[in-house]
Amino acid sequence: QKEVEQDPGPLSVPEGAIVSLNCTYSNSAFQYFMWYRQYSRKGPELLMYTYSSGNKEDGRFTAQVDKSSKYISLFIRDSQPSDSATYLCAMVRDSGNTPLVFGKGTRLSVIA
Amino acid sequence: EPEVTQTPSHQVTQMGQEVILRCVPISNHLYFYWYRQILGQKVEFLVSFYNNEISEKSEIFDDQFSVERPDGSNFTLKIRSTKLEDSAMYFCASRTDRGSYNEQFFGPGTRLTVL
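First to last, the sequence lines map onto chains V and L.
Its first residue numbered 1, the first sequence is counted upward by one per residue in our numbering.
Its first residue numbered 1001, the second sequence is counted upward by one per residue in our numbering.
Take these hints with a grain of salt, some might be off.
[Unchecked claim] Using 25 Å as the maximum straight-line C-alpha spacing, the simulated SDA-like pairs for lysine to any residue come out as follows: (1) K2(V) - R107(V); (2) K1078(L) - T98(V); (3) K42(V) - D1063(L); (4) K42(V) - L1030(L); (5) K56(V) - L1039(L); (6) K42(V) - E1001(L); (7) K42(V) - L1084(L); (8) K42(V) - L1039(L); (9) K42(V) - P1002(L); (10) K2(V) - T1007(L); (11) K2(V) - N1028(L); (12) K1057(L) - A29(V); (13) K1057(L) - R93(V); (14) K42(V) - T1007(L); (15) K42(V) - V1114(L); (16) K1057(L) - Q38(V); (17) K42(V) - I1079(L); (18) K67(V) - R1069(L); (19) K2(V) - E1059(L); (20) K42(V) - N1028(L); (21) K67(V) - V1114(L); (22) K1083(L) - R93(V).
Calculated from the structure, these hints are not laboratory results.
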């Protein structure tokens, strides 16, 4: 079983739609869960991170973590064409010097 | 706003040649990383570096790879004898050493093409 699984899409939605992006993982040692956004030919940029289970909201973005199901989600409300990008989930075991483990990324297109 | 920079943006090389990819991390950061992303694949960890030595490395980071912080500002990744399968985007990242979780800031990447 792969450590982090993410549906690569592509996902195409109309402007204003609610977008749901998801990842599953197998390693119960993961404690920090991140969502990165990557525009074409750019490096990943951190959108949000969550420690352990629960929800976190930042503007139009909400991150959810369900550690019992090993499932994380990112919701984007009122999606905009500028949200068109690849969204990568990433996880790490602790806050120390440990590497990020990424999902494959979901390519999102928001159509005006 | 401070950012991680990488040069070159695109490097084309012949199989068997040595390449050096360069990164300038954010100036007060202490941890440095190299990741790579083969086209259509996941971003994969290669190596982490702290206090002038390798902290952790993945299975990908074999004897053909080496890292160096030659002058206190640059952080380099050297591939001694490139293979076709080394073709990928290579991302440098850095982070501080403060508080709890610290964000890894990524550079824009170097696209390496091995012919």
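**Q.** Numbers of the earlier hints that this structure fails to satisfy, in rising order
**A.** 3, 5, 10, 11, 18, 21, 22
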